[in-house]
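2 protein chains.
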Amino acid sequence: MPRSSAADAARTRAAIVERAVEVASVEGLEGVTIGRLARDLDMSKAGVVGGFGSKEALQLAALERAVEIFRHEVVDPGLAEAEGLPRLRAYGDAWIDYLRRDVFPGGCFLTSASSEFDGRSGPVRDVVDDALDLWRRALEGEAAIAIEAGDLPRDTDPADVAFAMLGAALALNQSRQLHRDRRATDRARRLMARALAG
Amino acid sequence: MPRSSAADAARTRAAIVERAVEVASVEGLEGVTIGRLARDLDMSKAGVVGGFGSKEALQLAALERAVEIFRHEVVDPGLAEAEGLPRLRAYGDAWIDYLRRDVFPGGCFLTSASSEFDGRSGPVRDVVDDALDLWRRALEGEAAIAIEAGDLPRDTDPADVAFAMLGAALALNQSRQLHRDRRATDRARRLMARALAG
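From first to last, the protein sequence lines stand for chains A and B.
Quick note on this note's numbering: the first sequence kicks off at 1 and runs consecutively.
Quick note on this note's numbering: the second sequence kicks off at 1 and runs consecutively.
The following block holds chain A by itself, in its conformation from the complex:
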């Protein structure tokens, strides 16, 4: 049998990461085990572990991919708009849309990972913390520009705007995932609009 080419190896690695993201989204990152992925993908355990070396490396690869997806789905549509209030509104719309469309089958991957790892220490926790902190700061930065431009009241605290947007997204995620509440999307839209009304 000929040895796999580098392209084959990259494709296999990508397939493992995609499956790890799906499993983690529904069952948590701790559900991502070498044995589970080997079964799901009909591969040997050695084949799965080969590209990563450890369960933690596999969790980190899944997390990295989830951050990439969030960036593509939520951040990029915002970056296409003018900075300040237009961009904040685009971020809010894309964030709600990302949750409404169940981009991850188990709801927001980063929210689940945050809840799962916030009480621990280690690289997985640090990556989640950094990713969500970066997002928070991006929102705060745009809010500051909106205030400077006079599109939000002078006395608005930019961090309060980011916090309110986060609240709307988290309430939507829980209402959809736990209660299967389809009307939550409209509630989140109204709450997001209110967060951006200053």
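Derived from the structure by calculation, the hints contain no laboratory data.
Backbone N, C-alpha and C define an ideal beta-carbon position, used for all residues, glycine too.
Heads up, a few of these hints could be off.
Facing chain A, a subset of chain B residues (Cβ under 7 Å, in silico) [as the list claims (entries may be wrong)]:
(1) Val-26
(2) Asp-160
(3) Gly-167
Chain B: place on chain A using the hints.
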């Protein structure tokens, strides 16, 4: 050796449940295993499992205790106030205070359990769903009374008020637990006040 009295058995059971709640709050309900609790409490596995029968029964007992604590910390202070807006404000204050004081070492137990189990099926998921649904309906009921009394604008949707309060609590929980952000308490207080301003 004399056999344990019924009182001893109840005390042992309570100690196991308390430890299960602590472990689950930090590591998730899946972290609550018979072996882990036996080690932590210096008991035999048979001694731990004896009072419960299965890991799931132990998880359900921990969940029931967590709901009891939430009721004591958040619901009871509200029930002491007049219904409608005064009670909603008391609920909001107690909810934030419960998160600020880290009543559970790993943050809101029900939020963690929701995130951990929302993608699954079974009795643990059902109990979390029911408990949070009951809370949501209690908030909606008080909001409806506040609207009827003219303490919130006529055109307010009671479910929007409950949704906004949930958002403030979830944003506080994530900001404290993941980012260790001490200023989040004040942000949550402002956001909760806004949710109750109609």
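Hints, one by one, checked against the model:
With a cut of 7 Å, the hint placing B:Val-26 at the interface with chain A holds, because the nearest CB-to-CB distance is about 4 Å. This hint holds: B:Asp-160 has a C-beta 6 Å from the nearest C-beta of chain A, less than the 7 Å allowed. Contact between B:Gly-167 and chain A, as hinted, is supported at the beta carbon level, the nearest pair being about 3 Å apart and thus within 7 Å.
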